[in-house]
Each structure stands twice: as C-alpha cells, then as structure tokens.
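Use these hints to put chain B onto chain A, whose structure you have.
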Amino acid sequence: EPEVTQTPSHQVTQMGQEVILRCVPISNHLYFYWYRQILGQKVEFLVSFYNNEISEKSEIFDDQFSVERPDGSNFTLKIRSTKLEDSAMYFCASSAQGPANYGYTFGSGTRLTVV
Amino acid sequence: GNSVTQMEGPVTLSEEAFLTINCTYTATGYPSLFWYVQYPGEGLQLLLKATKADDKGSNKGFEATYRKETTSFHLEKGSVQVSDSAVYFCALSVYAGKSTFGDGTTLTVKP
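These protein sequence lines are chains A and B, in that order. The opening position of the first sequence corresponds to residue 148 in my numbering, with each subsequent residue numbered one higher. The opening position of the second sequence corresponds to residue 1000 in my numbering, with each subsequent residue numbered one higher.
Watch out, some of these pointers could steer you wrong.
[Unchecked claim] Reference listing, derived: stretches of chain A covered by chain B, where coverage requires no fewer than 3 residues with Cβ under 8 Å from a Cβ of chain B: (1) 193-203; (2) 242-248; (3) 252-262.
Note that these hints are calculated values from the structure, not bench results. This one's a predicted model, so the numbers in the text were calculated from it and none came from an experiment. Yeah, the Cβ is synthetic: ideal placement off N, Cα and C, and Gly gets one too.
Same shape as in the complex, but just chain A:
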C-alpha cells in the first residue's frame, strides 16, 4: 500500500536554529498538508499546498514557517528560527482529490524537540 514517508523520525535542535522536515507524499496525490500534534493532544492544521502554492494556512503558520515542493516528489516544512513551543510531532499528509472525498494519508511523523 502506498505510504507517505517522513524524515527524520526525531530531530533535536537548539532554540533559534533552522530545521527542515521532509516528506515524500504518495506519488499521484495532488494535495499536501502539514499538521502538528503537541504531547499527543489535538491535531492542529498548519498549511495546505496545491498546484505549487499554499492554498490555506493557519495562524500558527507565521513568517517563521515556509513550505516547498522543490522537485516534484519532496514536500518540506522549514522553521527558520525555532522556539521552545515548536516542540511537537509534525505530520505530513497527502490526498488524491482533497480530504472531503478520500481523507488523508498521514506519514508517521517527525518528533521535533527544541532545547
């Protein structure tokens, strides 16, 4: 069964450093998303991406965050200057025709720890 692959599985970084979280969505999917989950609690939307541009972003997704699909297969989330409160599980998700029809396929997540 096709999978969404995320790397690394765990990243520890110092406050103020830049991090890049990487995702390889399912190859024929068109819609891409980042969500985060703090301490196993609520799943929070960050950003959606379609047709090589951001289609929607949340209040969490401020100027410190950016996304890219640099080569047609990878989908990255960059945090420019990490804060302690960015510590969370970050999940990438993709969908063939939008989640209203098919739901998401999620990756297994990257645990980001900011120290």
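Quick look at chain B alone, frame taken from chain A:
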C-alpha cells in the same frame, strides 16, 4: 466556523465489550466525516469515512453512521480487542483545504 466535539476520555473497557465513542459536529456546507486512529508512537490512519447523510462507514469491525439530523457520527464496535487500544479522532472536511479534528479519545482495552 467548523468544530468537532468528541466524548471525553480516557475510556477503559474489558475485552469483548461494546464500544461507543460519541462525536458531534458543527459545519457550514456539507461536510464529509471521518474517524482516524492513532496507535502508540505512530501517525494517524484513516479508519472509516462517510461523505453524505445516512452513509455508514465501516472498517475492521468499527462502524459509524452520518446523522445529519443530530449532527453526529458516533463510532461503534461490537466487541473490542486489546489491539484496539489507541487514540481515536473524529474529523470533518468540507473542501480541499484543512480538516477539523476533535480532541481525540484514548481507548484502553484490558484482557
């Protein structure tokens, strides 16, 4: 705005017991409804879905019926197993953008 309210957990059951996890929603438009499951240390997996009123989603013995009149999508299973221990999330989506998730309900099944 859209919102999803789930029954508070944690829920602890004995093996072979009947499970219900309540979920209600508010939404503009005509949402699709989903249940996702998260096993310890893993990502979320789509468990089942329903895209219109009166649809029943089912998978792995779990069922949920889209009830527009009560704006609900309760998850049920007739006989739970220890392997069903996980966190269950109810979610809705109305278009190709973000989905709205409930807070999650932790289920523990004891042998």
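Hint check:
For the region 193-203 of chain A, the assignment as covered by chain B holds, since 4 residues bring a beta-carbon within under 8 Å of that chain's beta-carbons and 3 suffice. A count of 6 residues in the region 242-248 of chain A with a Cβ less than 8 Å from any Cβ of chain B is obtained; the coverage claim is therefore met, three being the minimum. Given a C-beta distance limit of less than 8 Å, the hint that chain B covers the region 252-262 of chain A holds, as 5 residues qualify and 3 suffice.
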